[in-house]
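Novice: This is what each chain is made of:
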Amino acid sequence: MHISPVLWQFLVHWLTNSALFPPEASAISPYMDAFYFFLCAISAVGLIAVAILVFGFSILYRKEKSPVATQIEGSTLLEATWTIIPLALFMICFVWGALLYFRIYNPPTNAMNIYIVGKQWMWKAEHPGGQHEIDSLHIPINRPVQLTMISQDVFHSFSIPAFRVKREVIPGRYSTVWFEATATGTYHLFCTQYCGTDHSAMIGEVVAMTPDDYQKWAAGSTSGASLAQNGERLFASLGCNSCHSGEATARGPNLSQVYGSRLQLADGSTVTANDAFLREAILNPSTHVMQGYAPIMPTYQGQVSEEGLIDLVEYIKNLNSNYRIQQTLTTSQLAPGQAGASSSGTPQVNGPARAGRTAPSVPGTVNQ
Amino acid sequence: MSTIVTLPNQEEARLPKLSYLNSEYGLKSWLLTGDHKRIAMLYLISITFFFFLGGAFAGLIRLELLTPQPDLVASDTYNKLFTMHGVIMIFLFLVPSVPATVGNFVIPIMVGAKDLAFPKINLLSWYLYVAGACFLVYALLNGGVDTGWTFTTPLSTHYLNTHVITAAMGVFIAGFSSIFTGLNFIVTIHRMRCPGMTWFRLPLFCWSHYAASILMVLGTPVLAITLVLVMLERTVGIGVFDPTKGGDPLLFQHLFWFYSHPAVYIMILPGMGVISEVISTFSRKRVFGYTAVAFSSVAIAVFGFFVWAHHMFIMGVSNYSALVFSLLTMLVAVPSAIKIFNWAATLYKGSLTFETPMLYAFGFMGLFTIGGLTGVFLGSLGMDIHLTETYFIVAHFHFVMVGGMLMAYLAGVHFWWPKMTGRMYPESMSQLAAVTTFIGFILTFFPQFIVGYLGMPRRYHAYPPEFQVLNVLSTAGATVLGIGYLLPMLYMPWSLKYGKIAGSNPWQATGLEWQIQSPPLTENFVDIPVMDHEAYDYEWLAHKTEHEVTTVG
Chain A
2 MHISPVLWQF
12 LVHWLTNSAL
22 FPPEASAISP
32 YMDAFYFFLC
42 AISAVGLIAV
52 AILVFGFSIL
62 YRKEKSPVAT
72 QIEGSTLLEA
82 TWTIIPLALF
92 MICFVWGALL
102 YFRIYNPPTN
112 AMNIYIVGKQ
122 WMWKAEHPGG
132 QHEIDSLHIP
142 INRPVQLTMI
152 SQDVFHSFSI
162 PAFRVKREVI
172 PGRYSTVWFE
182 ATATGTYHLF
192 CTQYCGTDHS
202 AMIGEVVAMT
212 PDDYQKWAAG
222 STSGASLAQN
232 GERLFASLGC
242 NSCHSGEATA
252 RGPNLSQVYG
262 SRLQLADGST
272 VTANDAFLRE
282 AILNPSTHVM
292 QGYAPIMPTY
302 QGQVSEEGLI
312 DLVEYIKNLN
322 SNYRIQQTLT
332 TSQLAPGQAG
342 ASSSGTPQVN
352 GPARAGRTAP
362 SVPGTVNQ
Chain B
38 MSTIVTLPNQ
48 EEARLPKLSY
58 LNSEYGLKSW
68 LLTGDHKRIA
78 MLYLISITFF
88 FFLGGAFAGL
98 IRLELLTPQP
108 DLVASDTYNK
118 LFTMHGVIMI
128 FLFLVPSVPA
138 TVGNFVIPIM
148 VGAKDLAFPK
158 INLLSWYLYV
168 AGACFLVYAL
178 LNGGVDTGWT
188 FTTPLSTHYL
198 NTHVITAAMG
208 VFIAGFSSIF
218 TGLNFIVTIH
228 RMRCPGMTWF
238 RLPLFCWSHY
248 AASILMVLGT
258 PVLAITLVLV
268 MLERTVGIGV
278 FDPTKGGDPL
288 LFQHLFWFYS
298 HPAVYIMILP
308 GMGVISEVIS
318 TFSRKRVFGY
328 TAVAFSSVAI
338 AVFGFFVWAH
348 HMFIMGVSNY
358 SALVFSLLTM
368 LVAVPSAIKI
378 FNWAATLYKG
388 SLTFETPMLY
398 AFGFMGLFTI
408 GGLTGVFLGS
418 LGMDIHLTET
428 YFIVAHFHFV
438 MVGGMLMAYL
448 AGVHFWWPKM
458 TGRMYPESMS
468 QLAAVTTFIG
478 FILTFFPQFI
488 VGYLGMPRRY
498 HAYPPEFQVL
508 NVLSTAGATV
518 LGIGYLLPML
528 YMPWSLKYGK
538 IAGSNPWQAT
548 GLEWQIQSPP
558 LTENFVDIPV
568 MDHEAYDYEW
578 LAHKTEHEVT
588 TVG
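Heads up: the sequence lines are chains A and B, in that order. Under the numbering used here, the first residue of the first sequence carries the number 2, and numbering increases by one thereafter. Under the numbering used here, the first residue of the second sequence carries the number 38, and numbering increases by one thereafter.
Everything labelled a hint here was simulated from the structure, so no lab data went into it. Treat the hints with care, since some could be wrong.
For each label pair, taking beta carbons as the anchor points, the in silico distance ranges come out as [stated by the list, open to error]:
#1 A:GLN72 - B:PRO530: 36 to 46 Å
#2 B:PHE86 - A:ALA50: 33 to 43 Å
#3 B:LEU100 - A:ALA50: 29 to 39 Å
#4 A:PHE38 - B:GLY71: 56 to 66 Å
#5 A:ASP213 - B:ASN179: 53 to 63 Å
#6 A:ALA52 - B:LEU100: 24 to 34 Å
Some chain A residues flagged as far from chain B (calculated, every beta-carbon gap over 12 Å) [unchecked claim]:
#7 TRP15
#8 LEU21
#9 ASP34
#10 SER76
#11 ASN111
#12 SER222
#13 ARG252
#14 SER270
Small disclaimer: the values here were computed from a predicted structure and weren't measured. Heads up, the beta-carbon is just placed ideally off N, CA and C, and yes, glycines get one too.
Here chain A stands alone, though its shape is the one from the complex (with noise of 0.2 Å):
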């Protein structure tokens, strides 16, 4: 069977439009959404073949037409057939199912990061330059963009439908997701995983801008800090400097190349620095002491608040000379000739991307 290619887009520019159908907004919407036709389309098999039994048999074989019922055993033959046959169809959409996930669960190495952190009943993004936003998440299409999110209370859900991305938000311990949009407008941001009160009011939007435009609002709604430097004075007011100060003889180990490195363990394993383990380092140092080094680090749980410990770990990440490279290479990459043009800007946002709320800035707050 051949479908015009017109009409095709007729049909998918129609649907895309019809109230009954999210938008495509992001890379991953058009799999997804191929998917669900597919998976659409088998259950109309499944259920038409299932309904012509039903009713052909009812019809044909009603008492009035047939008063005598004839006794049949069954049939391995039929048996093996729709055991079979479903079995097929299932693998076919286990396969796709499983590439589909590890597509969306799996971020490209070039993404930019963005932290969030959920609580009842509100969602706060930090961008790593330094711009906080609460109920609203403004990021820059035809880019990657990664989101490490944890909660600081109980389970949320971050959820974007019109990019066909969700991912639970965790209380002690980060998980991430990424997408890339597509098109720019405003989207709506969900917590889907119930969580007290006012659950259905925490929503937001997502803002995708061009990135000329996500450029000027960065530039315009920035805190002034990155989040980094709130990290280094948080590193600094904590006390960490005076064990972690990179000397030789210092008790703490050096962490200026710690991030995304192999590290010994005293118990003898090895694990990555990543952000959930320089997390963990913080808030149980016992438990992940390096090789070489004694126990003696103290506990930073219940002092440093969910905000603060993205700061440092973004600090610590910036120690890192390879990320900080990697990282000047993104934004370039992102902006051309747009670094230095941000100061004079008024933080204006473009069109109905406006709408959300930046939050005061707290430079790494420490609690009590």
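Since the structure of chain A is provided, determine the placement of chain B on it from the hints.
Specialist: The following block gives chain B in isolation, referenced to the frame of chain A:
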């Protein structure tokens, strides 16, 4: 090989002088009975009460969702409504629905026994059910609980100020009622079968209850442990689930779903048993592929234990464990497909009539097929990311649990009503109810698939206005559905007094329960029956009927 079965002349039927209903009188004779049939009646009354209570909450939820604004009830009230709806419908209605009422009533008779293996434990299970229900009603009357039926930590342990412990205690106790029912069924089916009743002569109803009982006995203790941990975490803060004390909040999800996924099979398998009996009886034909249907129940029970993490695909379980659980989820879908096709094939060359139980069974097949296939959407890893926690999943499990299980329950209650009470329900009225339920159901829940793909999250009190049209459709459908459920509530009690006398075998069905008087004697059988034929042997029945006519005439 062909069978003509003529239905008995119901004008001549008389109510038997002595039956389990009139063997003893007085409240005490009911409350202290060991008779499985009376206990089934006690269960029938209790779960019907809780069904309408849970249904009332559902009605209020749908009424609130008529408009996008949160205008009918406050957010906290709304949260309590859906929590109580879920808790009551699942733990006080769906789990005991078919097993504790219809199963309790007919399983001993089907296997040719005088009672269940442990009659007193059977009674105890009803009392535990009532005790658990009392805790839940207490929690409800004192302000309710708003954890969601999943009791998710750390929300339930640290962040809510409602009657979490009372409600968890209620579910904990009601769980034991379910364990005892399952235990009783397993022992009865193993040890109490009459002479000649081999495993492969058991009605498929017994097979599916056997499979469900194994799930009850092995799964429910895990729920009990989980709830105890939640209670301890809430009261003394033991920190099993609390990340600040080194606990793991995901551990709760694993433990909870380790029970709660098999729980959906605890709910649906007995319903599948009903459908096998009904389809066979009204086709006057042996169930196509008896062994395939029997073993598919066991396969569902076995695979059902190893798919729980498919509730957690977006929760940061490792990608590779997600792969394994998705694969197993696909496998568990296959036995369900096998059953559907076998039932459809049973109709082939049958002699079909369309009494109410058959209409409900057709409703089950249609709605369960949709529910099962949309389960494949959710079991597919990538698709699950977009669909989970939205109205798509709400629609999916309502198609399975309400469209499937409730239809099967109503099919079962109508089918065995003549046996339970000795009287027929009014046929055309109940056919109207069956059709109303089906239409109302589709109208209520089909729009939720669409609004789910649009992204509307579940458990939302207020929603973006563009979703309103679909929600209005859904609420309109709920009204029709409500009428469909109220009708049996009216004509079933009516039939107790005014229904036609049923006679012992009004459907000309083959099960042992149909070969004894309606309603049965307390001891079920006068003589111990001997099973000398296969299950669903309509030729044996025709021969027997002919023989009876000749002896009487």
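Novice: Does each hint hold? Answer for all of them.
Specialist: Against the structure, the hints:
no.	hint	in the structure
1	A:GLN72 - B:PRO530: 36 to 46 Å	38 Å, holds
2	B:PHE86 - A:ALA50: 33 to 43 Å	40 Å, holds
3	B:LEU100 - A:ALA50: 29 to 39 Å	38 Å, holds
4	A:PHE38 - B:GLY71: 56 to 66 Å	57 Å, holds
5	A:ASP213 - B:ASN179: 53 to 63 Å	58 Å, holds
6	A:ALA52 - B:LEU100: 24 to 34 Å	33 Å, holds
7	TRP15	15 Å, holds
8	LEU21	5 Å, violated
9	ASP34	9 Å, violated
10	SER76	7 Å, violated
11	ASN111	20 Å, holds
12	SER222	25 Å, holds
13	ARG252	25 Å, holds
14	SER270	17 Å, holds
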